[in-house]
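Listed below, chain by chain, are the residues.
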Amino acid sequence: MRILLIEDDKEAAAYLVKAMRESGHTIDHAADGVTGYDLAHEGGYDVLVVDRMLPKMDGLTLIAGLRAQNNATPALILSALGQVDDRVKGLRAGGDDYLSKPYAFSELLARVEALARRRPKGTPEETVIQVGDLTLDRLSHKVTRAGEEIVLQPREYRLLEYLMQNAGKVVTRTMLLEHVWDYHFDPQTNVIDVHVSRLRAKIDRDFDAALIHTVRGAGYMIRDGAR
Amino acid sequence: MTALVRTLRSTAFRLTLSIFGFGAVGAALVLGLVAVQVINLVNSETRTAISAEAASLIAQYGSGGLRRLGLALAERARAPAGSIYLLTDALGEPLVGNISQLPPNLTPKSGFAETRYPTLDGVSKRRALARVYALPNGFRLLIGHDLGDRARIAAVMVRTLALSLVLFAGLAALGALFVARRVLRRIDAMNVSAGTLMAGDLAERLPVNGSGDELDRLAVGLNQMLARIGELMAGLSEVSDNIAHDLRTPLTRLRNHAEEALRLGDAEAMRAALLRTIEESDGLIKVFDALLMIARAEAGADRASLSRVDVSEVVASVAELYEPLAEEKGFVFHVDCEPGLAIEGRRELIGQTLANLLDNALKYGAQVNPDCAREIAVGARREGSNIVIEVADRGPGVAPEDRERVFDRFVRLESARSRPGSGLGLSLVAAAARLHGGTVRLEDNAPGLKVRLSLPASPS
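These protein sequences, in sequence, are chains A and B. With numbering that gives the first Met the number 0, letter number 180 in the first sequence gets 179, and the count goes up by one each step, no holes. With numbering that gives the first Met the number 0, letter number 230 in the second sequence gets 229, and the count goes up by one each step, no holes.
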């Protein structure tokens, strides 16, 4: 995956570049808004990681400018401003995700990878998602594994749908809370874990191969263990 | 000199002066009107006197002819009064009188008229009001009255007016100076107080003299504002003290872990210390986030940032989020929420508030009385013009004397100190309630704790 990091803090940028390369991604770095805009405009990136406060051109202006040029490269905004209003402003400017500083690298990595897989605008959503022998039909809302129907609560269905859309990739607890419940706060307790373990009981209990995996220190992943 | 300039420039001085100015114009108008009236009165008295004299003289002419009229005229003309008489023949030649000739502009047709007449010596001319009467055979009789008296009255009037204007101006200047000095002195006293305040003594107050006038009311209002600012400053410094204390503790722990790892020096200890460092810093970040969120909520919200929030949906979704965990921990979990409840607010903040209350209920509601089951009840309903959200547990509850205190930042009750937490959860709930124009109250759930959040309902 090709990532463009636009960040003026040298130390933070060096750390991110190193960590992203270790995770197997190609990453370029621009230290100010104008250089970043030019690089992003040339295209060829899968994801932009944009700091909100940048010299020469701030992050929100940069993204809004790209969107005005019909450049739809998914962008994640990094910001020291972590309040709900700031997030709303960031998303309204054309950002696709928002992460407030300081963050865990595993969280950033998971979000960047989730963004890169987004379908380009206009392509129809797949109606059937498949992971191993697990099938989720978005038209009939039916979930089957090895031909057997699994009955899920509405929220469990959405949880599974989000995991399956991101099959093979790590999904963090906050990403689940954001996409399944539409809340951005940080619960004090492990509420999400209990939901996942309930879902896991329905999906995996009666089968030999587990599909839902816990990724220590990061979150969850659904993948076909056999492959 | 500068004091005088300041006085002259003051609003009080200018106001007073302009009031006196209007007064002076009014006085001049009144005096002018009086003068006109007096002159009119003199004129009309003079005419009446002339007419009466003419009537008596013509009566004498009727009874005694020209001879008798001439005698009477000669006698009157000698009397030292302001009257003038002249009898002429048909050719206009003077026969008897005290003026030398008939003024050319006067004829029997002109009625009463002002004229200049020559005195007997013919040297000077004086003003008079006079009338000429026609007698048989072309004789003319002029009767008039000198206007010297009238001119003197007018002159006195003008002098009085001028004098009174001068007096008025002097009085106005003195009065304006006096008023301006008085007002300026009080404003200067206020400025001195303001200077003391700005120098940092926030206990200083503006002087109030108890007269209840507008300056006094202004001072009272400003003093109330100062008192409120003082309260806020005190609250702020208390919060900073608490923050300093509550952040020092985890920072010290963080430093200790790092130091210990360096001292021991082996890879395993380093790894453990680094993990603990991340944990501690995550905890610190959470405290910061919570403080920022509270500060933002307390700063209030502009109406534009509020939108319609479906409280029923928020209660249902947050309850649904917590229900599995509660059941896992052995709680009976009730949700009783009326549909269609709406407020003007922020969904995220209401969700966070409810999550904080449920976190607390899970944390403290587990210390249950032996004769009670673990139980959490979440409810939302409409009560009049308010939406009431309640979260109740069967834990030890909060003693009545602590029910206000627990909303303060960083306050943690004795029984809670052994558990993880920052003491900010309920502070955020209180701040969210205030932001939405509502209230939050702790009640006895007999047994247990009931938190009652009351928010104004959206006008439907």
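Don't read these hints as lab results, they were simulated from the structure. Glycine included, every Cβ here is placed at the ideal spot set by N, Cα and C. Take the hints with a grain of salt, since some may be wrong.
To be verified - Using 20 Å as the maximum straight-line C-alpha spacing, the simulated SDA-like pairs for lysine to any residue come out as follows:
1) B:449 / A:88
2) B:328 / A:106
3) B:285 / A:197
4) B:362 / A:88
5) A:100 / B:328
6) B:285 / A:106
7) A:88 / B:276
8) B:328 / A:107
9) B:285 / A:101
10) B:285 / A:207
11) A:88 / B:305
12) A:100 / B:399
13) B:328 / A:101
14) A:100 / B:305
15) A:100 / B:306
16) B:285 / A:174
To be verified - Only part of the chain B face toward chain A is listed, based on derived beta-carbon distances under 8 Å:
17) 37
18) 316
19) 320
20) 321
21) 324
22) 358
23) 442
Regarding the hint that residue 321 of chain B lies at the interface with chain A, is the smallest CB-CB distance below 8 Å? holds, 6 Å
Are the Cα positions of residue 100 of chain A and residue 328 of chain B separated by 20 Å at most? violated, 33 Å
Can you verify the interface hint for residue 320 of chain B: is its Cβ closer than 8 Å to any Cβ in chain A? Hint holds; residue 320 of chain B Cβ to chain A Cβ min 5 Å, cut 8 Å.
Checking one constraint from the list: CA of residue 88 of chain A to CA of residue 276 of chain B, max 20 Å. Satisfied? violated, 33 Å
For the pair supplied as a hint, residue 100 of chain A and residue 305 of chain B, confirm whether the alpha-carbon distance does not exceed 20 Å. violated, 26 Å
Holds or violated: is there a CB of chain A closer than 8 Å to the CB of residue 324 of chain B? holds, 5 Å
Restraint status (C-alpha distance of residue 285 of chain B to residue 106 of chain A at most 20 Å): Holds, at roughly 16 Å.
Does the nearest C-beta of chain A fall within a distance shorter than 8 Å of the C-beta of residue 358 of chain B? Holds, because the Cβ-Cβ distance from residue 358 of chain B to chain A comes to roughly 4 Å (cut-off 8 Å).
Between the alpha carbons of residue 285 of chain B and residue 174 of chain A, is the straight-line distance 20 Å or under? This hinted pair holds, its Cα atoms lying about 17 Å apart.
Measure nothing beyond the straight line between the CA atoms of residue 100 of chain A and residue 306 of chain B; if it is 20 Å or shorter, mark the hint as holding. violated, 27 Å
Hinted pair residue 362 of chain B and residue 88 of chain A, Cα distance within 20 Å: Given that 20 Å is the threshold and the Cα spacing comes to 35 Å, the pair is violated.
Is residue 328 of chain B close enough to residue 101 of chain A, meaning Cα to Cα at most 20 Å? violated, 32 Å
Going down the numbered hints, you'll see the structure goes against 1, 2, 3, 4, 5, 7, 8, 10, 12, 13, 14, 15, 17 and 23, while the others check out.
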